[in-house]
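Keeping the supplied structure of chain B fixed, place chains F and Z upon it in accordance with the hints.
Protein chains in written order, with this note's numbering: chain B, 0 to 311; chain F, 4 to 309; chain Z, 11 to 332.
Hints in this document: simulated from the structure, not taken from any laboratory.
Incorrect hints may have been included.
Footprint (simulated), chain F over chain B, 3 or more residues, beta carbon under 8 Å [as the list claims (entries may be wrong)]: (1) 41-51; (2) 59-65; (3) 85-93.
In the DMTMM-like style, the derived pairs of lysine to aspartate or glutamate whose C-alpha atoms are separated by at most 25 Å in a straight line are [said to hold, decoys possible]: (4) Lys246/Z with Asp147/B; (5) Lys72/F with Glu309/Z; (6) Lys246/Z with Glu276/F; (7) Lys198/Z with Asp160/Z; (8) Lys72/F with Asp72/Z; (9) Lys198/Z with Asp277/B; (10) Lys61/B with Glu74/B; (11) Lys118/F with Asp147/B; (12) Lys61/B with Asp209/Z; (13) Lys119/B with Glu304/F; (14) Lys198/Z with Asp146/Z; (15) Lys61/B with Glu151/Z; (16) Lys198/Z with Glu151/Z; (17) Lys72/F with Asp60/F; (18) Lys246/Z with Glu202/Z.
Every residue gets a Cβ at the ideal spot worked out from N, C-alpha and C, and that includes glycine.
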Amino acid sequence: MTVSDPGNMNEALRKRQFSRPGESVILFILTLCAAVSLVTTLLIVGVLVRESATFFEQVSFKEFFLETEWQPLFEPISFGIWELVAGTLLVTFWALVIAVPIGLAAAVYLSEYAHPNTRKVLKPILEALAGVPTVVYAYFALTFVTQDLLRPAFGADQVNVFNALSASIMLAVMILPTIASISEDAMANVPRDLREAAYGLGATRLEVTIRVVFPAALSGIIAAILLAIARVVGETMIVAIAAGSTPQLTVNPFEGVQTMTGFMLQVGLGDAARGTVDYQALFAVGMMLFLITLAFNVAAHFFVGRYREEYE
Amino acid sequence: MASESVRLRAGGAVVRRQFASRASRYLFLGATLLGVSILGFLAYDTVDTGASRLSLDFLTNYPSRFAEKAGLRPAIFGTLWLMLITIVSSIPIAIGTAIWIEEFAPRNRLLTIVKINLANLAGVPSIIYGILGLTIFVRFAGMDRSLLAGGFTLALMIIPMTVIASQEAIRQVPPSLRDGAVALGATRWQAVRHNVLPNAIPGIMTGTILSISRAVGETAALLMIGGFTFIRFDPGPNLTDFADPAGFWAGLEESFTVVPIQIYAWSIDSRREFQANAAAAIIVMMAGVMALNLLAAVIRERFRRN
Amino acid sequence: MVTKEALRRRMARLSAPAVVLLLALAALTVAACDDSGEGGEINIDGSSTVFPITAAVAEDFDAVAGDVRVNVGFSGTGGGFEGFCAGETHISDASRPIRQDEIDACAENGIDDILEIEVGLDALTVMVHPNNDFADCLTIEQLHEIFRTDGATNWSEVDVGFPDQSLSLYFPGTDSGTFDYFVETIIKDVDEAAFHRGDGTASEDDNVLAQGIGGDRDSIGYFGFAFFQDAGQSLKAVSVDAGEGCVAPSLESALSGSYPLSRPLFIYTRESFLAEHPENPVLRFVEFYLNNATALVEEVGYVPLPSDTLEAQKHKIEPFLP
Chain B
0 MTVSDPGNMN EALRKRQFSR PGESVILFIL TLCAAVSLVT TLLIVGVLVR ESATFFEQVS
60 FKEFFLETEW QPLFEPISFG IWELVAGTLL VTFWALVIAV PIGLAAAVYL SEYAHPNTRK
120 VLKPILEALA GVPTVVYAYF ALTFVTQDLL RPAFGADQVN VFNALSASIM LAVMILPTIA
180 SISEDAMANV PRDLREAAYG LGATRLEVTI RVVFPAALSG IIAAILLAIA RVVGETMIVA
240 IAAGSTPQLT VNPFEGVQTM TGFMLQVGLG DAARGTVDYQ ALFAVGMMLF LITLAFNVAA
300 HFFVGRYREE YE
Chain F
4 MASESVRLRA GGAVVRRQFA SRASRYLFLG ATLLGVSILG FLAYDTVDTG ASRLSLDFLT
64 NYPSRFAEKA GLRPAIFGTL WLMLITIVSS IPIAIGTAIW IEEFAPRNRL LTIVKINLAN
124 LAGVPSIIYG ILGLTIFVRF AGMDRSLLAG GFTLALMIIP MTVIASQEAI RQVPPSLRDG
184 AVALGATRWQ AVRHNVLPNA IPGIMTGTIL SISRAVGETA ALLMIGGFTF IRFDPGPNLT
244 DFADPAGFWA GLEESFTVVP IQIYAWSIDS RREFQANAAA AIIVMMAGVM ALNLLAAVIR
304 ERFRRN
Chain Z
11 MVTKEALRRR MARLSAPAVV LLLALAALTV AACDDSGEGG EINIDGSSTV FPITAAVAED
71 FDAVAGDVRV NVGFSGTGGG FEGFCAGETH ISDASRPIRQ DEIDACAENG IDDILEIEVG
131 LDALTVMVHP NNDFADCLTI EQLHEIFRTD GATNWSEVDV GFPDQSLSLY FPGTDSGTFD
191 YFVETIIKDV DEAAFHRGDG TASEDDNVLA QGIGGDRDSI GYFGFAFFQD AGQSLKAVSV
251 DAGEGCVAPS LESALSGSYP LSRPLFIYTR ESFLAEHPEN PVLRFVEFYL NNATALVEEV
311 GYVPLPSDTL EAQKHKIEPF LP
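Next comes chain B alone, as it looks inside the complex (with noise of 0.2 Å):
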């Protein structure tokens, strides 16, 4: 038994623990800091709840949840989050469409076919696009992608100069690395074995791939896309600045768009009136928005336990 579990010392060394007087002072101290997390969390749930609840006052759930139009400040005035959530699907499902091919793709070269050297070269750079701050990808959005790229590619007429579409590519840029990352850590976590008896079999190495590493690393990989989802619902520079603040139930890539985070950023900005229920929309939206992030991050925890377990 060792010290470095301090829940199962023994009598003798629990009372040695903090013989020195201040010491407990210190325990306090640590104590309290660990405190700060839960706090926030706290705080969190509690403005959300609480300016929520006087937006709910005046606002039905019914028509919240049942009504499409999203129309909190002209007449005839609408709070249905349907527009607003339907825009962040598109903009999610198109940079998922993107970014997980390429990004799985990536991490299957990183894991199976790269030589040890090329992925400590190559490995370092795929993340460096992680660290880069997501107003320079929604600058690129803006300026580059619509103009230089979707424009002349489909027409001027086609591409509205703020579209859902520009965002999407950036938003799959930016999660391009975590899905990497991640598939990547759990494809090399599959033991040696199994490709080994695949390749003993007869198997290519791209049949190992596909049908012995996927398989066994799919819920590590399922995590790794349930945590880019999070990441791209969460965003708001990139959605803000290119797709756009049109409010509206589209398919079409190509049209702006407004999404949970962008239309709480517009509310930021324009300080409206506090206590009106546009400002209190807010919070409702933003409630929303805390849930879905939370429900994906949590399940995407629970498939990182499952290929932990799995192979440790």
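Chains F and Z alone, transformed into the frame defined by chain B:
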């Protein structure tokens, strides 16, 4: 009888499968290179657009209605002071939390809750932290749209990731160090302070620096707090304020702007000339962020050799 | 295992970059030897239309009065008045006159000495995509049709000669004085019971609108003349016909009154701010504003006040001048 050498050649399905396997290698390599080259391309495009604006003037000028004159001066001050406030308010708490979790907490339900809570907080979108800061610091605590409010908000945002990184660093320290100290008669805290922490510090610093570089680039939360886009003074305390606590505090209560907010403002400006300003500001900010990441990597390497 | 010696050596190696960083910070603080703030601080917020003028004034004012600190925001005319009545700002930019309910809200907070100062005129411009070759001139009634709730959704509904293209709308948000003015002139004056529609891109930020209209073939929108001027070729202005023929927006037509959508631009402050002493930053700023209004308003792209109106404004602050 001489035996003919028979070349064994695979046929049919096997050839296809092997070809597919070899071809797929290039497909996967291509995807990886695509990801990697995007970074290079973005860097090239930014430098191409923004290099013309880069000059000492750009760093020392205030925003202006003339694109050639508009500069980053207040934003740079704002970012530096904001980072100072964020570091001072978040790092001690984060390290303390990590030490508590790894060394002192009883292994019970409370500990699990704290750990799960931290993991969740790390995934909360930054705009929610912005709402939190707006409600608690700006409005409730009356700090208004100040450096203090911004700094505390960012501190709350980066504490979870700093804690997790610090936990990792502490866990890397071999248990024998700790146990040996206690066996020689040290109290628990003595063991931590003199044996565990010194060895964990490099890892903790690396994690801290990476969290700071995340805070440097944060935009949405600060826009919610109320960072301005058009300021013509230097946010933060002045030189003379270092001797004057009241003045110093007043300096921290000033309104502010930061580099990412300027990038945002210049990006959406309908006058095309300002795009060059946005690109130049991105170069400045990325230089800072990369310097920080480099510092973290250097620290990690240097201390690893021992 | 780390010996104390090894640790000290490591710390020494680490302190080198740390010292460099601290020195850099110190150097920058020295460089921040600006004396601004000692002469006072002025908080300004309000109309995004008036913002370019106030920002230009603030910029030039900085050159002559570096000790005064000026912050300029643009949350919208409505948002500006809210902050003004809550005592958060000293000056409120407005692209419409203050309303009675706003005056009452101010009075409730003890603010009853509001001073209105006109600073320029705006030829509110209706804009379409530059490739739009059919919408050269629109009547007030047609504009009403386009912008009212449940109004036209297709260009062909607006006028018989117009093609079959869906309408794409861009307009300021409800906090905007431009929006209020438009509602009054185009919506309410034609039909008291009608409302301004919300299905389009609404933004307090005129940059966003300019980018949107310039990038959308089916677009139509409106905002201040200055932003139209800045956009140059990427936007096309529509002439407005109020019954006397098509008039295009320009400095001349706004000044002469022939352009139907010309409106005054204001700044609002309090007499008590102007009367402050010994430090009177607001008074210095407003005085500078009026003395340089003609040049700066025109530079920014709006219409300078006719000289007698400008003189009348200067009269308003005369009692406070030393």
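#### Entry: Given hint Asp277/B paired with Lys198/Z - CA-CA distance at most 25 Å
holds (23 Å)
### Message
Check the hint pairing Lys198/Z with Asp160/Z against an upper bound of 25 Å on the C-alpha distance.
### Response
OK: Lys198/Z and Asp160/Z at ~15 Å, within 25 Å.
### Query
For the pair supplied as a hint, Lys72/F and Asp60/F, is the alpha-carbon distance within the 25 Å limit?
holds (8 Å)
### Query
Does Glu74/B lie within 25 Å of Lys61/B when you go C-alpha to C-alpha?
holds (19 Å)
#### Entry: Pairwise hint evaluation, Glu304/F against Lys119/B, where the allowed Cα distance is 25 Å at most
Measuring from Cα to Cα gives roughly 15 Å; hence the hint holds.
#### Entry: Hint consistency between Lys72/F and Glu309/Z [alpha-carbon to alpha-carbon, up to 25 Å]
holds (16 Å)
### Task
Check, residue by residue, whether the segment 59-65 of chain B contains three or more positions whose beta-carbon lies closer than 8 Å to a beta-carbon of chain F, and give the verdict.
Per the Cβ count (0), the hint is violated.
### Task
Take the C-alpha atoms of Lys198/Z and Glu151/Z, compute the straight-line distance between them, and say whether it is at most 25 Å.
holds (11 Å)
### Message
Holds or violated: Lys118/F and Asp147/B, Cα atoms, limit 25 Å.
### Response
With Cα atoms ~46 Å apart, Lys118/F and Asp147/B exceed 25 Å; violated.
### Task
Measure nothing beyond the straight line between the CA atoms of Lys72/F and Asp72/Z; if it is 25 Å or shorter, mark the hint as holding.
holds (14 Å)
### Query
CA of Lys198/Z to CA of Asp146/Z, is that 25 Å or under?
holds (24 Å)
### Given hint Glu276/F paired with Lys246/Z - CA-CA distance at most 25 Å
Measuring from Cα to Cα gives roughly 20 Å; hence the hint holds.
Hints 2, 3, 11, 15, 18, counting from the list given before, are not met by this structure.
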